[in-house]
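These are the residues of each chain, in order.
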Amino acid sequence: GAGVSQSPSNKVTEKGKDVELRCDPISGHTALYWYRQRLGQGLEFLIYFQGNSAPDKSGLPSDRFSAERTGESVSTLTIQRTQQEDSAVYLCASRLTGHYGYTFGSGTRLTVV
Amino acid sequence: KQEVTQIPAALSVPEGENLVLNCSFTDSAIYNLQWFRQDPGKGLTSLLLIQSSQREQTSGRLNASLDKSSGRSTLYIAASQPGDSATYLCAVRGGSNYKLTFGKGTLLTVNP
Numbered sequence: 050g051a052g053v054s055q056s057p058s059n060k061v062t063e064k065g066k067d068v069e070l071r072c073d074p075i076s077g078h079t080a081l082y083w084y085r086q087r088l089g090q091g092l093e094f095l096i097y098f099q100g101n102s103a104p105d106k107s108g109l110p111s112d113r114f115s116a117e118r119t120g121e122s123v124s125t126l127t128i129q130r131t132q133q134e135d136s137a138v139y140l141c142a143s144r145l146t147g148h149y150g151y152t153f154g155s156g157t158r159l160t161v162v
Numbered sequence: 090k091q092e093v094t095q096i097p098a099a100l101s102v103p104e105g106e107n108l109v110l111n112c113s114f115t116d117s118a119i120y121n122l123q124w125f126r127q128d129p130g131k132g133l134t135s136l137l138l139i140q141s142s143q144r145e146q147t148s149g150r151l152n153a154s155l156d157k158s159s160g161r162s163t164l165y166i167a168a169s170q171p172g173d174s175a176t177y178l179c180a181v182r183g184g185s186n187y188k189l190t191f192g193k194g195t196l197l198t199v200n201p
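Chains as they are written, first to last, in our numbering: chain X, 50 to 162; chain A, 90 to 201.
In short, the hints are calculated from the structure, not lab data. Model, not experiment: these values are computed from the prediction. It is possible that part of the hints are untrue.
Unchecked claim - Below, a list of computed lysine to aspartate or glutamate pairs in the DMTMM-like style, where the Cα atoms sit at most 25 Å apart:
no.: 1; chain 1: A; residue 1: 193; chain 2: A; residue 2: 92
no.: 2; chain 1: A; residue 1: 157; chain 2: X; residue 2: 93
no.: 3; chain 1: X; residue 1: 64; chain 2: X; residue 2: 121
no.: 4; chain 1: A; residue 1: 188; chain 2: A; residue 2: 106
no.: 5; chain 1: A; residue 1: 188; chain 2: X; residue 2: 112
no.: 6; chain 1: A; residue 1: 157; chain 2: X; residue 2: 67
no.: 7; chain 1: A; residue 1: 193; chain 2: X; residue 2: 67
no.: 8; chain 1: A; residue 1: 188; chain 2: X; residue 2: 63
no.: 9; chain 1: A; residue 1: 193; chain 2: X; residue 2: 105
no.: 10; chain 1: A; residue 1: 188; chain 2: A; residue 2: 128
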């Protein structure tokens with residue numbers, strides 16, 4: 050596609066429920082990143098995928114968070130047993146290997162009530 | 090650990106003014122630095138990217154400079170317009186990794 054697509058754009062969930070966020074990167078972009086932006090905070094790195102290599106999960110805040118990506122296609126970020134502190138905008142970005150610029154999606158605004 | 094600081098946190102100016110946004114980073118071993126714009130409820134739009142070997146980049150009314158040795162970058166906006174109102178984010182990519190470390194941003198309001 051022309052840009053990075055994320056869905057849903059907004060999600061309200063009850064505390065304790067699981068949620069799944071989706072990111073559809075630009076076609077051909079092998080690198081994919083998830084970031085979290087909590088209110089009043091900078092973007093925090095969560096996870097990085099590069100082609101078929103093992104992902105860098107070093108930014109995931111707890112074992113309730115997981116992400117998957119098959120090859121160079123769609124990625125899903127799953128948060129289990131959501132907590133109120135998980136409320137944030139979750140942003141996905143993709144990058145063409147060998148290039149420098151990152152293209153971000155519009156994000157998913159998650160609200161845990 | 091890389092830390093990125095942006096000053097000021099918020100800025101309000103009248104239309105037509107030239108302005109400067111500041112970004113500083115603690116580890117000078119960076120690969121590149123990128124300035125983004127974020128509109129409310131929207132994702133990030135890349136404005137300018139400066140490689141570590143470069144000193145500045147220009148795009149239209151925007152000019153970004155980089156002084157790697159002192160750990161500083163500035164974003165200069167000429168002849169500001171109300172449409173420039175947004176949050177401006179500075180991000181650095183480390184020399185040995187691919188992650189971006191972001192500042193908290195500067196919220197710019199340009200008043201008509």
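Hint consistency between residue 193(A) and residue 105(X) [alpha-carbon to alpha-carbon, up to 25 Å]: holds (23 Å)
Pair hint outcome, residue 188(A) versus residue 106(A) [Cα-Cα no greater than 25 Å]: Not satisfied, since the Cα-Cα distance of roughly 34 Å exceeds 25 Å.
25 Å limit on alpha-carbon distance, applied to hinted pair residue 193(A) and residue 92(A): holds (10 Å)
Pair hint residue 188(A) and residue 112(X), alpha-carbon separation not exceeding 25 Å: The given pair, whose Cα atoms are some 21 Å apart, holds under the 25 Å limit.
Residue 157(A) paired with residue 67(X) [C-alpha distance capped at 25 Å]: violated (43 Å)
Restraint status (C-alpha distance of residue 157(A) to residue 93(X) at most 25 Å): Given that 25 Å is the threshold and the Cα spacing comes to 23 Å, the pair holds.
Hinted pair residue 188(A) and residue 128(A), Cα distance within 25 Å: Since the Cα atoms of residue 188(A) and residue 128(A) sit roughly 22 Å apart, the hinted pair holds (cutoff 25 Å).
25 Å limit on alpha-carbon distance, applied to hinted pair residue 193(A) and residue 67(X): Roughly 28 Å between the alpha carbons, so the hint for residue 193(A) and residue 67(X) is violated.
Holds or violated: residue 188(A) to residue 63(X), with C-alpha atoms at most 25 Å apart: Violated. Residue 188(A) to residue 63(X) sits at ~31 Å, over the 25 Å cutoff.
Restraint check for residue 64(X) with residue 121(X), where alpha carbons must lie at most 25 Å apart: Status violated; Cα separation ~32 Å.
Violated hints, in rising order: 3, 4, 6, 7, 8; the structure is consistent with all others.
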